[in-house]
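As a plain string of letters, each chain reads:
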Amino acid sequence: DAGVTQSPTHLIKTRGQQVTLRCSPKSGHDTVSWYQQALGQGPQFIFQYYEEEERQRGNFPDRFSGHQFPNYSSELNVNALLLGDSALYLCASSKIRDGANVLTFGAGSRLTVL
Amino acid sequence: AQSVTQLDSHVSVSEGTPVLLRCNYSSSYSPSLFWYVQHPNKGLQLLLKYTSAATLVKGINGFEAEFKKSETSFHLTKPSAHMSDAAEYFCVVWMDSSYKLIFGSGTRLLVRP
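These protein sequence lines are chains H and E, in that order. Just so you know, we're using the working numbering here: the first sequence kicks off at 1 and counts up by one. Just so you know, we're using the working numbering here: the second sequence kicks off at 115 and counts up by one.
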């Protein structure tokens, strides 16, 4: 049973560019959350998607956007990249009927902005 | 507002000795608390979860945590450290109102041979 898979694992972008990160949730899960983990810090909540809609959003600018597809997979898009966007981006999935608070995390996509 | 504070940024122990990673929480009601572990270049793995069923929670790999309401603490312990326990550990609280996990700043556990 595959867990949460994320792609790409590593990528390098330059300031001002745009990036798309992808996530496939664990089988049977219907909710996807995205977190940003800067170096040496704990993850910070970006947003959560359920039924293809953004259910909740953390304190991130509108440059961060997402999408959830009918098969529950998700994308995170970041526009106009800044140096400070360099981080590990973690996708996590859960089941809404279980309260959605037991999250399974992927290994992350490490973004470097030069 | 709910939050967690991890009291030590680094903890170093010898292999075979006990592990104690400290966490205090702040919440206006009985929270859902978690401990996650992150090994280098790997995702976060759930160690254990507290949801008010029992104050002593047993997790994977021999770890356990005790919820103490009077002390607002949720410390993680293990009787005997193994080299493979070396990793970053996060104390986490779930915010029902906003469907998100709030992470502590993390404690890096070093295990000396």
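If you're looking for bench data, these hints aren't it; they were derived computationally from the structure. Where is the CB? At the ideal position from N, CA and C, for every residue including glycine. Hints should not be assumed to be uniformly reliable.
[Said to hold, decoys possible] Listed next, the in silico EDC-like pairs over lysine to aspartate or glutamate satisfying Cα-Cα at most 20 Å (straight line): (1) H:Lys26 with H:Glu54; (2) E:Lys172 with E:Asp199; (3) H:Lys95 with E:Asp210; (4) H:Lys26 with H:Glu75; (5) E:Lys156 with E:Glu202; (6) E:Lys163 with H:Asp98.
[Stated by the list, open to error] Here are some chain E residues the structure puts well away from chain H; computed CB gaps all over 12 Å: (7) Ser128; (8) Thr131; (9) Val133; (10) Leu134; (11) Asn138; (12) Ser142; (13) Gly157; (14) Glu178; (15) Trp208; (16) Arg222; (17) Pro227.
Are any of the numbered hints broken by this structure? If so, which, sorted upward? Of the numbered hints given earlier, those the structure breaks are 13, 15, 16, listed in rising order.
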